[in-house]
Amino acid sequence: MRGRGYETVKVAAEIAVPIAIVVIWELWARSADSQFWPPPSKIVQEFNDLWVFEQFRSDVVPSLMRILLGFGIGSAVGVAIGVPLGMSLWARKFAMPQIEYWRAMPPPALLPISVLLLHSIGNLQKVSFIAFFCIFPVLLNTIDGIRGLDPTLVDTARAYGIPAHERIRRIVLPAAFPQISAGMRISLSLAVIIMVVAEYFSSTSGVGYVLLISKNTFQLGPMWAAILLIGVIGYVLNLAYMLAERRMLAWHRGWRAATPQ
Amino acid sequence: MASATQETAATHLSGPEPAASETGGPRLSGALVFVLSFAFALLFWQAFSASGLVREQDLPSMTATMGELWNLVQTGSFWAAFLQTARGWAIGLGLATLLAVPIGFVLGLSDLAGRAFRVPVEFLRPIPSAALIPLLFLTLGPTLESEVFLAAFGAFWPILVQTMYGVRDVDPVAIDTARSFGVPTRERLWRITLPSAVPYIATGMRIASAVALILAFTAELFMGTPGLGKLLNYAQSYGLTTQLYALALATGALGVCTHVLFTAAERRALRWHPSQRAEAV
Amino acid sequence: MLEISDVAKSYGSGGKVTHALRSISFSIAERELVCVVGPSGCGKTTLLKCIAGLMRPTRGEVVLHGKPVTAPPEEMAVVFQEYNRSLMPWSTVRNNVLLPLRHKKLSKDERTRLVEESLEAVGLTRFIDHYPWQLSGGMQQRVAIARALAYQPLILLMDEPFASVDAQTRGDLEDLVLRVRDEFGITILFVTHDIDESVYLSDRIVVLTHAPTVVKEVVRVELPSPRDQIATKELPEFATQRAYVYRLIKHDTTAPAPSTLVGEGLHD
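Protein chains in written order, with the numbering used here: chain A, 86 to 346; chain B, 193 to 473; chain C, 4 to 271.
In short, the hints are calculated from the structure, not lab data.
Careful, some of the hints might be misleading.
Stated by the list, open to error - If you want a taste of the chain A side facing chain B, the calculated C-beta under 8 Å gives, among others:
#1 P103
#2 D118
#3 Y186
#4 L297
#5 I315
#6 W340
#7 A342
Stated by the list, open to error - Counterexamples of contact, computed for chain A against chain B with all Cβ distances above 10 Å:
#8 V108
#9 A165
#10 I166
#11 Q183
#12 R188
#13 L195
#14 P197
#15 I206
#16 R332
#17 R338
As the list claims (entries may be wrong) - Across the chosen pairs, the derived CB separations fall in these ranges:
#18 A:Q183 - B:R378: 31 to 41 Å
#19 B:S269 - A:V146: 35 to 45 Å
#20 A:T93 - C:A166: 48 to 58 Å
Idealized CB from N, CA, C, for every residue including glycine.
With the rest of the complex left out, here is chain A:
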């Protein structure tokens, strides 16, 4: 039977298993002594050497800026387009085939084109490339959120003659926000991935650039450090977003808990 004892086992496993994995990896890597698979201890050391002070400003900051700007602009555009599309059946019918096409396009396929059209491999190109693909998860979720708007709420707004701009600002957007936020969370993760790919393809700075250089110069240490950093960036950004979302959607949790669905 389950009981207190079993719970302890679970907690112990939760702690022990990750540690065991790292230890096993460390031991195996040390004995294998392959330059491709350094032990975790070495990776952490490279990580510190490379990122903690050295190249933080020259590479990490530009990458973060690109992610955040691309994410921000993409989300804003996604909402801006999503609101009218969510509210108008015909606009939606007309636009959906286009949207479905572009959202299914694998981002790397447009990399060469983005460099060509914008004549650069600088920040403008990076940010706009990231922003473009960040539009779609937010756009689709905005449309979904608005379509799911409760008809009673809509009737209430109309019955009280609330003008369009007030309706959108105080009813439509807040009501759709939980769904929009889910889309934004996806866009954020997407932004990280696209940033890496875009920088790897053509850049003179950034974490993706370091990844590329380390491959070209056959330096596995920095490469692993870069991989680790990218994982950390993704994790931290996601965590930060979730914390922010929790604050902004406190009302939503309270409402869901209190209302039988």
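With the hints as your guide, set chains B and C onto chain A.
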């Protein structure tokens, strides 16, 4: 919420219901609107490139690009590449599914296993597979194996996570009822847990399918593994701009095909399941 | 003040037409509290939406103070049945009540005053900075009523507002409606399926048939005011009137009309 209600809410926002024969009128079939939408986009492109705002070298006209696409589609090398990309995608996705579903079941069903591996999963998940490209290039080289590994690694996580959700989301009442009737564990898993988890797995596969395609293509673009990505790289290196655009469009079409395939599958799997609020991506 | 003339509403076209409302006509005078009752599915909500300007009738018209209603008029406020879906969960009670006032030409102080007064009238001053979902069902409906009151309408439409509320709370809310009518002098059109409620509240009751719906009879309620949940319902007149209305709805017209009732006959 039923989609009917959603449609009504949307039309409500634009004003009071029109009298009597309202939504009648244009039974403008979905197909016609679909065609019109693309026709409009293509014409817009043509007009834009004709306007001269962007140089011909940077943005070829729509007609030129379509012509190039037509030429491409008649070459054997294009289809070879197309199939190579599709192959990398399919094998990667298949491999990921084969691994992620059983593992997801185990981690979902066993609280002990789920908790034991929670940290490793949470740690490995956020690593963008694309970051592994240089590593794969140096170890496995520009081969199908690299492409498949990359695609599979990326596709693995969404399927794993969704399978775990699906397994955990099984209605406990259904399980208890089966238990009280003495239904053996294997039967329970097969007849209750699995069907209940299928919609989630379908969602996971839809997401994974997109990830796998992106990664297969990226592997080709960056490593030179045979496929559409490699063709694109080639076109870029040799300044074949029109071909660049044509290939991008073709890749988009492949993306749409896989997306439509798995969305349809997901919808079928969701048909008899009480709706779960899946993220719209 | 409110004239409903020959209002009809149909859905669909060609072969598959549904006539929800065939022809509805009645009128409401100032300060009256009129209830609309009828069998389930007779289109009471549809009728209310047509009157409120949320729906356009297929035929006929609604005239408020001489002006035809084509869109929700400013002099009208609506309270819906599903309170938890008509209040905004992301706003406090205060901001919920405030929302319809924002686009009215009022000063900030005026708005604050209206909000506070209307919440006081419904007895929710203490909860002004709570969120609606933190309140009970009855209290949420009171917020909706306060919102309608703050809007300062001349006529209040209520669509089965207490159907989702428990019986005891319902009694309190019914008394609240009566009090509000007396205090603020507003006209009220109250849709309900609860016959007891309709007899308790009304000056007149519009009884509908089932679809295709017409007005079966408009019954004047002769019960003393002010009404009381216990005293009024103890009166024998209450029982007879209630029975009369009940029979109207159940199509049983064999019982003689009691002497305290004045029926206004059929409207076609």
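To see whether the hints hold, each was checked on the structure:
1. Because the smallest distance between the Cβ of P103 (chain A) and any Cβ of chain B comes to about 4 Å, under 8 Å, the interface hint for this residue holds.
2. Because the closest C-beta pair between D118 (chain A) and chain B is about 15 Å apart, greater than 8 Å, the hint is violated.
3. Proximity of Y186 (chain A) to chain B holds as hinted, the smallest CB-CB distance being about 6 Å (cut-off 8 Å).
4. For L297 (chain A), the shortest C-beta to C-beta distance to chain B is roughly 7 Å, which falls under 8 Å, so the interface hint holds.
5. Checking I315 (chain A) against chain B by beta carbon gives a least distance of about 5 Å; that is within 8 Å, so the hint holds.
6. A hinted interface residue such as W340 (chain A) counts as satisfied when its beta carbon comes closer than 8 Å to some beta carbon of chain B; here the least separation is about 15 Å, so the hint is violated.
7. Given hint, A342 (chain A) at the interface with chain B, is violated; its Cβ is 16 Å from that chain's nearest Cβ, farther than 8 Å.
8. V108 (chain A), annotated as away from the interface, keeps every beta carbon of chain B farther than 10 Å; the closest lies near 13 Å.
9. The claim that A165 (chain A) is not at the interface with chain B holds, since no C-beta of that chain comes within 10 Å of its own (minimum 17 Å).
10. Chain B leaves I166 (chain A) outside its interface by the beta-carbon criterion, the shortest separation being 14 Å against a cut-off of 10 Å.
11. Not every Cβ of chain B is farther than 10 Å from the Cβ of Q183 (chain A); the closest lies at roughly 6 Å, contradicting the non-interface assignment.
12. Not every CB of chain B is more than 10 Å from the CB of R188 (chain A) (nearest about 8 Å), against its label as outside the interface.
13. Look at L195 (chain A): its CB is around 6 Å from the nearest CB on chain B, not clear of 10 Å, so calling it non-interface is violated.
14. The claim that P197 (chain A) is not at the interface with chain B is violated, since a C-beta of that chain comes within 10 Å of its own (minimum 4 Å).
15. Every CB of chain B is more than 10 Å from the CB of I206 (chain A) (nearest about 13 Å), matching its label as outside the interface.
16. The Cβ of R332 (chain A) sits about 20 Å from the closest Cβ of chain B, beyond the 10 Å cut-off, so the non-interface label holds.
17. For R338 (chain A), the condition that its CB be more than 10 Å from all CB atoms of chain B holds, with the nearest at approximately 14 Å.
18. Q183 (chain A) and R378 (chain B) have their C-beta atoms about 48 Å apart, which leaves the hinted 31 to 41 Å range violated.
19. The supplied range of 35 to 45 Å is met by S269 (chain B) and V146 (chain A), whose beta-carbon atoms lie about 43 Å from each other.
20. About 52 Å separates the C-beta atoms of T93 (chain A) and A166 (chain C), a value consistent with the hinted range of 48 to 58 Å.
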